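Undergrad: So the chains spell out like this:
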Amino acid sequence: MSLNLNFISTPQKQIMSSAPKTRSLNHLLKGERAIVREIVSEETSDGRTLVVRLNALGINIGKEVSVMRLAWLGGPMLLRVNQVTQVAIRRSEARCVVVEEIKGDEPST
Amino acid sequence: MNPRPEAGAQSTPRIALIGQPNTGKSMLFNRITNARASVSNWPGITVNVMRARVPLAGRNVEYVDLPGIYNLEGGSEDEAVVNRFLTKFPIDLVIIVINAAQIERQILMPLQVKALGLPAVVMLNMCDEAHKLGITFDLEQLQDSLKMPVALISAKYGTGFDDAMKQVSDSLSSDFASKPVLADYDSLFKTLMTEETLDDALKGCVTLPKIWPKTLTEKLDQLFLHPLLGLPMFFLSMLVIFSVIWEIGLPSQDLVSRGADWIQTVLLEPGLAWAPVWLNSFLINGIWLGLSTVASFVPLLVLFFFCMAAVEDSGYLARAAFLMDALMRRVGLDGRAFVMQMMGFGCNVPALMGTRVMRTRSLRLLAMLVIPFSLCSARLAVFVFIISATFPSSKGALVLFSFYVISFLAAFSTAAIFSFSKQFKSQEPFLLEIPPYRIPTVKQVLLRGWGEVREFIRRASRFIIIGCILVWLLTNLPVGAEGLSTYGGQLGVLLQPIMEPIGINPYLTLALIFGFIAKEIVIGSLSTIYALSASGVSQAISMSVTPLEAYSFCLFCLLYTPCLTTIATVHSEGKSWQFTSFSLILSLSYAWLVSFLFYQGAKLFGF
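Listed in order, the protein sequences are those of chains D and F. Read in order, the letters of the first sequence correspond to residues 1 to 109 in the UniProt record's numbering. Read in order, the letters of the second sequence correspond to residues 1 to 607 in the UniProt record's numbering.
The shape of chain D in the complex, shown without the other chains (with noise of 0.2 Å):
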């Protein structure tokens, strides 16, 4: 069973239905850009570590991240949050990541 635990709540219905076509971050090539829809996570101490940690390092619904580097093998993502912060991330994390992709042309925030 996963659960949104993220603990910054955002009303869930609205989310859902702005987002017609979602896919998981760890899905997103480099240079995409993507906004952050959902964090899904599973119900346990720590599913909550990981959103907490999520948050608290920007990586939160309707915040923009972009992905600047993918490491070798599979490797962790490097991305680039609020414009400031820069995250790794393992791909088996950022599965937990709901996003929806930012096309080229849109301005960036």
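To be clear, the hints were calculated from the coordinates, so they are not data collected in a lab. Just so we're clear, the structure is a prediction, and the values are computed from it rather than from any experiment. Do not take every clue at face value.
Said to hold, decoys possible - Calculated lysine-lysine pairs in the DSSO-like style (CA-CA distance at most 30 Å, straight line):
| no. | chain 1 | residue 1 | chain 2 | residue 2 |
| --- | --- | --- | --- | --- |
| 1 | F | K214 | D | K30 |
| 2 | D | K63 | F | K147 |
| 3 | D | K63 | F | K210 |
| 4 | F | K210 | D | K30 |
| 5 | F | K88 | D | K63 |
| 6 | D | K63 | F | K114 |
| 7 | F | K132 | D | K63 |
| 8 | F | K219 | D | K30 |
| 9 | D | K30 | F | K132 |
| 10 | D | K63 | F | K219 |
| 11 | F | K214 | D | K63 |
| 12 | F | K190 | D | K63 |
| 13 | D | K103 | F | K210 |
| 14 | F | K88 | F | K147 |
Claimed, not checked - Now the stretches of chain D that chain F is said to cover, found in silico as 3 or more residues with beta-carbon under 8 Å:
| no. | region |
| --- | --- |
| 15 | 50-57 |
| 16 | 63-74 |
| 17 | 79-90 |
Yeah, the Cβ is synthetic: ideal placement off N, Cα and C, and Gly gets one too.
Fit chain F to the known structure of chain D by using the hints.
TA: This is chain F only, laid out in the frame that chain D set:
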């Protein structure tokens, strides 16, 4: 050194530092306390909490550096520690450290501290970086919004530091009448904080730039994190650090040893001439040996922490973790463990201390379990001696190289096996902030190195001296005994049924017992055991020990406990007798098993 457990009206006000990791909190703590802090025991708090008493505006204040946490309501180990601390020990004031550039996210912490009902001041750290990015702050408005004093500082360069500390002292005096308080977590849990709460708190206080400047970090990362060049760059930088430790650290260790020898021959031996032989030997080969062993680590540790602080503060450590993670995660570790493993080739002790960068206990213990398999410089000296005595010189380099390979294999296989067990399985999500590149300052590096070395001396010396005395007793009793007739020698003979199948004779077993203290003294002890000079020992060994037996001996040397100092460090860092004994037993049985398989296997194939 127990703190006052409870304090109604305590004489010394207590100030706690709170902040996210990577906010420069410990750097600020070092600046405030001048690195005069020491690890203190707090009942019920299992991790190291640094504390120092330093005067502030004419009176003593106790500063406590709490572990870096992401969220006061989080459930990680460090967050639980902070929770326990704040609910058990009353606090007069909290200093909340924030990375000024990331205030948008980190503003959560002051809001949460306020909900806990703790008096606090906020320090926006790394103001130089925020300034460079073009972020500006309206401090007065922010103070009004948070209802607590806010200062803009740089803990690294000292900008705004004096004014900030004046705010701290003012806050203390204005609250002087009130008693120190405990955190009220119930009220925090009842406070709902949404995205809007954070935005409201910052409304009009922070101006972000319209266009973000392209930073130097991005340009550097194009080289250091390059898909093809990144790894060679990583190994190159590891090589540089390794050679610094090798070229400067090891000779300096020799220098200290020679100084200790000088003190021994010029001062101690003549000075103790009056003493009976047993007392003389006890003082010199027992206690003095222990003291000089501790001292010989000091220059190496200073240098190591110099390099470590430089690597960590520059932001490269996090990048190394990023680069090596693909490989290390397969054995249950992460990229940072690889860096420590490499450091371990110089000396295991600082590498073990360096695992503190890993915050999850299980991950850290796993790293500490495998680091002692790193072929450290002291073991190298033993190998060179034994190999040159028993192998033809043309094969020497190849034989030595094989030990480096085995060292890596042993570490990785152990990690891979134990990462399945519950105690060592890492639950920490791999989610690291990659900080911008920063130039470490000399002052910062020195402050930190000094603090670490002092802690090491304080904690390890007792353990090491006791160990040296034990081995002395073992190898000098009964009175007048020598070589195999001492208790240690008898133990060597007694252990023959175990050591014989791996090709190690009682003399070499006794040398291995000495080797518990430090591998540096193995060769010296062989002289004592064989009662021959070093060159004589070399000859005796080449006559009596076959290459096969020598290789087996080296394998055992490589895999069993490196030295007493390592055990002492494993214990003081792991804070658990169970873990220390487990690590000891694991390495002993692993060493025996590998030597056994090698020796018996090689014999089976007719070598």
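Undergrad: So, for every hint listed, does it hold in this structure?
TA: Results of checking the hints against the structure:
Proposed proximity of F/K214 and D/K30 is supported: the alpha carbons are some 18 Å apart, at most 30 Å. Distance check on the hinted pair: D/K63 and F/K147 sit about 28 Å apart at the alpha-carbon level, within 30 Å; holds. Between the alpha carbons of D/K63 and F/K210 the distance comes to roughly 17 Å, so the proposed pair stays at or under 30 Å and holds. The suggested pairing of F/K210 with D/K30 holds, with an alpha-carbon distance near 25 Å, which does not exceed 30 Å.
Proximity of F/K88 to D/K63 is assessed by CA-CA distance (about 37 Å); at most 30 Å being required, the pair is judged violated. Our distance criterion of 30 Å between C-alpha atoms is met by D/K63 and F/K114, whose separation comes to about 26 Å. For the given pair, F/K132 sits about 23 Å from D/K63 by alpha-carbon distance, which is consistent with the 30 Å threshold. In summary, the hint linking F/K219 to D/K30 is supported, as the alpha carbons are separated by about 16 Å, within the 30 Å threshold.
Of the supplied pair hints, the one linking D/K30 and F/K132 holds, its CA atoms being roughly 27 Å apart against a limit of 30 Å. For the hint pairing D/K63 with F/K219, the CA-to-CA distance comes to about 25 Å; that is within 30 Å, so the pair holds. In summary, the hint linking F/K214 to D/K63 is supported, as the alpha carbons are separated by about 21 Å, within the 30 Å threshold. With a CA separation close to 26 Å, the supplied pair F/K190 and D/K63 stays within the 30 Å bound.
Pair hint D/K103 plus F/K210 holds up; C-alpha atoms about 21 Å apart against a cutoff of 30 Å. With a C-alpha separation of about 25 Å, the suggested pairing of F/K88 with F/K147 holds against the 30 Å cut-off. Coverage of the region 50-57 of chain D by chain F holds [criterion: at least 3 residues with CB-CB distance below 8 Å; count 7]. Coverage of the region 63-74 of chain D by chain F holds in this model, with 6 residues showing a Cβ closer than 8 Å to a Cβ of that chain against a need of three.
With 9 residues bearing a CB less than 8 Å from a CB of chain F, the region 79-90 of chain D meets the requirement of three and the coverage assertion stands.
This entry does not satisfy hint 5, going by the numbered hints stated previously; all others are met.
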